[in-house]
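Line order of the protein sequences matches chains A and B.
The numbering used here numbers the first residue of the first sequence as 1 and each following residue consecutively.
The numbering used here numbers the first residue of the second sequence as 1 and each following residue consecutively.
FYI, nobody ran anything at the bench for these hints, they're computed from the structure.
Incorrect hints may have been included.
[To be verified] Here are the simulated distance ranges between beta carbons:
| no. | chain 1 | residue 1 | chain 2 | residue 2 | range |
| --- | --- | --- | --- | --- | --- |
| 1 | A | Asn179 | B | Glu128 | 41 to 49 Å |
| 2 | B | Gly13 | A | Thr260 | 57 to 65 Å |
| 3 | B | Gly59 | A | Leu83 | 45 to 53 Å |
| 4 | A | Ile116 | B | Val18 | 54 to 62 Å |
| 5 | B | Lys129 | A | Met190 | 55 to 63 Å |
| 6 | A | Val4 | B | Glu134 | 57 to 65 Å |
| 7 | A | Leu280 | B | Gly209 | 24 to 32 Å |
| 8 | A | Phe282 | B | Lys113 | 22 to 30 Å |
| 9 | A | Ile283 | B | Glu128 | 44 to 52 Å |
| 10 | B | Glu172 | A | Leu229 | 53 to 61 Å |
| 11 | A | Thr272 | B | Ser68 | 48 to 56 Å |
| 12 | A | Ala100 | B | Val18 | 51 to 59 Å |
Glycine is no exception: its CB is placed at the ideal position from the N, C-alpha and C atoms.
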Amino acid sequence: MSEVFDKLHMYFQLPSVRYAMIVGLLIALCSSLLGVTLVMKRFSFIGDGLSHVAFGAMAVATITGITNNMLIIMPVTIISAVLLLRTGQNTKIKGDAAVAMISVGALALGYMLMNIASQKGGRTSSNVSADVCSTLFGSTSILTLSPADVWICIVMSVIVVTVFLVFYNKIFAVTFDENFAKATGVRSDMYNLLIAVVIAVIIVIAMNFVGSLLISALIIFPALSAMRLFKSFRSVIICSVVISLICAGLGIIVSILAGTPVGSTIVTADITVFFIFSLLSFITKKGR
Amino acid sequence: MGILLRCENVSLGYEGSVVTKDLNFTVSSGDYLCIVGENGSGKSTLIKALLGLKPQLSGNITFCGEVSKNEIGYLPQQTMVQRDFPASVQEIVLSGCMNRCGLRPFYSREEKKLAKDMMKRLEITDLEKRCYRELSGGQQQRVLLARALCSARKMILLDEPITGLDPKAANEMYELIAGLNQKDGITVIMVSHDMNAAVRYATHILHVGGKQLFFGTKEDYMTSKTGQAFLSVMGGDEDE
Ligand SMILES: Nc1ncnc2c1ncn2[C@@H]1O[C@H](COP(=O)(O)OP(=O)(O)OP(=O)(O)O)[C@@H](O)[C@H]1O
Ligand SMILES: [Mg+2]
Numbered sequence: 001m002s003e004v005f006d007k008l009h010m011y012f013q014l015p016s017v018r019y020a021m022i023v024g025l026l027i028a029l030c031s032s033l034l035g036v037t038l039v040m041k042r043f044s045f046i047g048d049g050l051s052h053v054a055f056g057a058m059a060v061a062t063i064t065g066i067t068n069n070m071l072i073i074m075p076v077t078i079i080s081a082v083l084l085l086r087t088g089q090n091t092k093i094k095g096d097a098a099v100a101m102i103s104v105g106a107l108a109l110g111y112m113l114m115n116i117a118s119q120k121g122g123r124t125s126s127n128v129s130a131d132v133c134s135t136l137f138g139s140t141s142i143l144t145l146s147p148a149d150v151w152i153c154i155v156m157s158v159i160v161v162t163v164f165l166v167f168y169n170k171i172f173a174v175t176f177d178e179n180f181a182k183a184t185g186v187r188s189d190m191y192n193l194l195i196a197v198v199i200a201v202i203i204v205i206a207m208n209f210v211g212s213l214l215i216s217a218l219i220i221f222p223a224l225s226a227m228r229l230f231k232s233f234r235s236v237i238i239c240s241v242v243i244s245l246i247c248a249g250l251g252i253i254v255s256i257l258a259g260t261p262v263g264s265t266i267v268t269a270d271i272t273v274f275f276i277f278s279l280l281s282f283i284t285k286k287g288r
Numbered sequence: 001m002g003i004l005l006r007c008e009n010v011s012l013g014y015e016g017s018v019v020t021k022d023l024n025f026t027v028s029s030g031d032y033l034c035i036v037g038e039n040g041s042g043k044s045t046l047i048k049a050l051l052g053l054k055p056q057l058s059g060n061i062t063f064c065g066e067v068s069k070n071e072i073g074y075l076p077q078q079t080m081v082q083r084d085f086p087a088s089v090q091e092i093v094l095s096g097c098m099n100r101c102g103l104r105p106f107y108s109r110e111e112k113k114l115a116k117d118m119m120k121r122l123e124i125t126d127l128e129k130r131c132y133r134e135l136s137g138g139q140q141q142r143v144l145l146a147r148a149l150c151s152a153r154k155m156i157l158l159d160e161p162i163t164g165l166d167p168k169a170a171n172e173m174y175e176l177i178a179g180l181n182q183k184d185g186i187t188v189i190m191v192s193h194d195m196n197a198a199v200r201y202a203t204h205i206l207h208v209g210g211k212q213l214f215f216g217t218k219e220d221y222m223t224s225k226t227g228q229a230f231l232s233v234m235g236g237d238e239d240e
C-alpha cells in the first residue's frame, strides 16, 4: 500500500500531474452543477447534440490550423446550443429529428475533415484514428496540459460557477415550473437561453479532457445518483457536486497509476456510484 | 376603480378548433371575478390566455397600466411536475417570490418571511422540508396555493383552487382569498365549480360555454335566466 502512496507522492511532484488534477476537478465541479436541470427539463438531448457539434468544430479548427482552437469551438457550440433549444421547443418529434440531424451531421463532417487534413499533412491513417479517438473519448494521456490550458479552464470555471450561483433561484424556478414562472413575469426564455449557453461552455471546456462522447455522462450521472437519495433541489445539487468531485479525483488517480484513459475511468467511477446509490435508495425504501 | 384587464371579442381554441368565442368583459381593480361553466367549456384555456401562456385565436386581451405581469399570482389547475423532481416544499413556496426579485439574485429577508407566513396560513409549515412529490394531493394543492399567494401583489388567478382540499381547508381558503381581496385590494379571478362560494364571495360572474353566456355583477347573474338555470343544476345546497 505504502508503495502506491510513494508513487502518488512522486507523481504529484510533477507540475503536469497537478495541472491534470486541477483541470479535472474544475471540470467535474462545473459539469455537475446543471445535471438536474438538464435531466428535468429533458435537455439531455441538447447536451448530447452539442458534444457532437463541438467535435465537428474541433475538426474545423484543426484543418484551419488556428493555434487556439477555442476561438472556433466556443462560438460554434454556443450558437448551436441556441439553435437546438429553439428547435427542441417546437413540436417534439421535429425537434428530436433536428437534433439527430445536427449531431450526426457534425460527427460525419468532422471525421471527414480530419481525414482530409491528414492527407494534406501527409500523415498516416493510424494517426487520424488516434486523433479522432482522443477527441471522442478524451486523450489517453492527460499529462499534456499546458499552463495556458489550465488558465483557460480556471477562468471558464469561475464564470460558470458564478453564473450558476447568481441565477440559482431563477434556474430552479424555470426548471420546476416554467409555465408558472412565465405567467408571473419571470423571463423564462432568457433563462432557458442562459442554461443552454452555460451547458455549451461546460461541454467545450470538458471536451479536451474527457472527450466529446463522454461529457453527457459526466453531466448527468452525478445528478441521477444524487436524486436517488436526496429530495430537495439544493441538497441534490450539493450532493452531485460532491459525487462528481470524488469520482473525478479517484478517476484521475487511478488513470495515472493504471494507465487507463482518464475520461472513461471517471465515468466508470460515476456509474459505480450510481449503482451504489440506487441500491441504497432501494434498501431505504424497503426499510420504511 | 380603474379597469385592469379588458377582453374584446376574444376567441380561444386549439389548432383551429374553437373552444369558446365572443368573450367581452372587463376586470376592474378590486373585483372578485368568478368564472363558471361546465367541464371543457374553456375556463382553464381562458386563464392561460389571460396570462399570456397561450395565444388567443382572435380578439384582444389588454392589461391596462396599473398591473404588470410580475405582480400577478397564478394557481394552475394541473402542474406538470415530473416524477422524481427533487424539490422541497419550502423551495417551491419561495419560488413564488421570484417575480419580486427582478434582477436581484437572492431572496430578501422579507420575502423569506412572506413565504413562511403563507406556509403557516395554509398549515404546511411542518411539511417545509418534505419532497413535493411525496405529498398527498391536497397537500400539494396547498403548496401551490402558498406559492401563488406569494407571487400575488395586485392580482391573482386561481384555477379551481379548492380541488382536493378538505371542507375545513376549503372554507379557510375562501376566507383567506376574500381577505386578500377586501383588505389588501388584490383583484381575484377564480375558476370554480363551487356555485355556493361563487355567489357568496364574488362581485362579478363570467359564465362561459361555447361562447360567453353571461358577464355581469353577481346580483344580475342571480336574476338572469342563465344564472337561475345554472344555479338550479349546479348550486343549491350541494357542496362540490
Ligand atoms: N392542450 C390541448 N390541446 C388540445 N385541446 C385541448 C388542450 N387543452 C384543452 N383542450 C380542449 O379545450 C377544451 C377546453 O379545455 P379547458 O381545460 O379550458 O376546460 P375547462 O373549462 O377548464 O374544464 P374543467 O372544468 O374540466 O377544468 C376542452 O374541450 C379540451 O378538450
Ligand atoms: Mg379547467
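### Query
Should the hint that A:Ile283 and B:Glu128 are 44 to 52 Å apart at their CB atoms be regarded as holding?
violated (26 Å)
### Message
Within 41 to 49 Å: is that where the Cβ-Cβ distance between A:Asn179 and B:Glu128 falls?
### Response
Roughly 24 Å apart at Cβ, these two residues miss the hinted range, so it is violated.
### Task
Can you let me know if the beta-carbon spacing of B:Gly59 and A:Leu83 is within 45 to 53 Å?
Distance hint for B:Gly59, A:Leu83 is violated at roughly 33 Å.
### Task
May I ask you to test the hint 54 to 62 Å on the CB atoms belonging to A:Ile116 and B:Val18?
The hinted range 54 to 62 Å holds for A:Ile116 and B:Val18, with Cβ atoms some 57 Å apart.
### Task
Determine whether the Cβ-Cβ distance between A:Phe282 and B:Lys113 falls within the hinted range of 22 to 30 Å.
The hinted range 22 to 30 Å is violated for A:Phe282 and B:Lys113, with Cβ atoms some 40 Å apart.
### Query
CB of A:Thr272 to CB of B:Ser68, is that within 48 to 56 Å?
holds (51 Å)
### Outcome for the supplied range 57 to 65 Å, where the beta carbon pair is B:Gly13 and A:Thr260
Cβ of B:Gly13 to Cβ of A:Thr260: about 59 Å, so the range 57 to 65 Å holds.
### Message
Given a hint of 51 to 59 Å, does the C-beta separation of A:Ala100 and B:Val18 actually sit inside it?
### Response
violated (36 Å)
#### Entry: Verdict for B:Lys129, A:Met190 (Cβ pair) under range 55 to 63 Å
violated (31 Å)
### Query
Holds or violated: 53 to 61 Å for the Cβ distance of B:Glu172 and A:Leu229?
violated (36 Å)
### Task
Could you see if the CB distance from A:Val4 to B:Glu134 stays within 57 to 65 Å?
violated (44 Å)
### Message
Taking the Cβ atom of A:Leu280 and the Cβ atom of B:Gly209, is their distance within the range 24 to 32 Å?
### Response
violated (54 Å)
Going through the hint list in order, the structure does not satisfy hints 1, 3, 5, 6, 7, 8, 9, 10 and 12.
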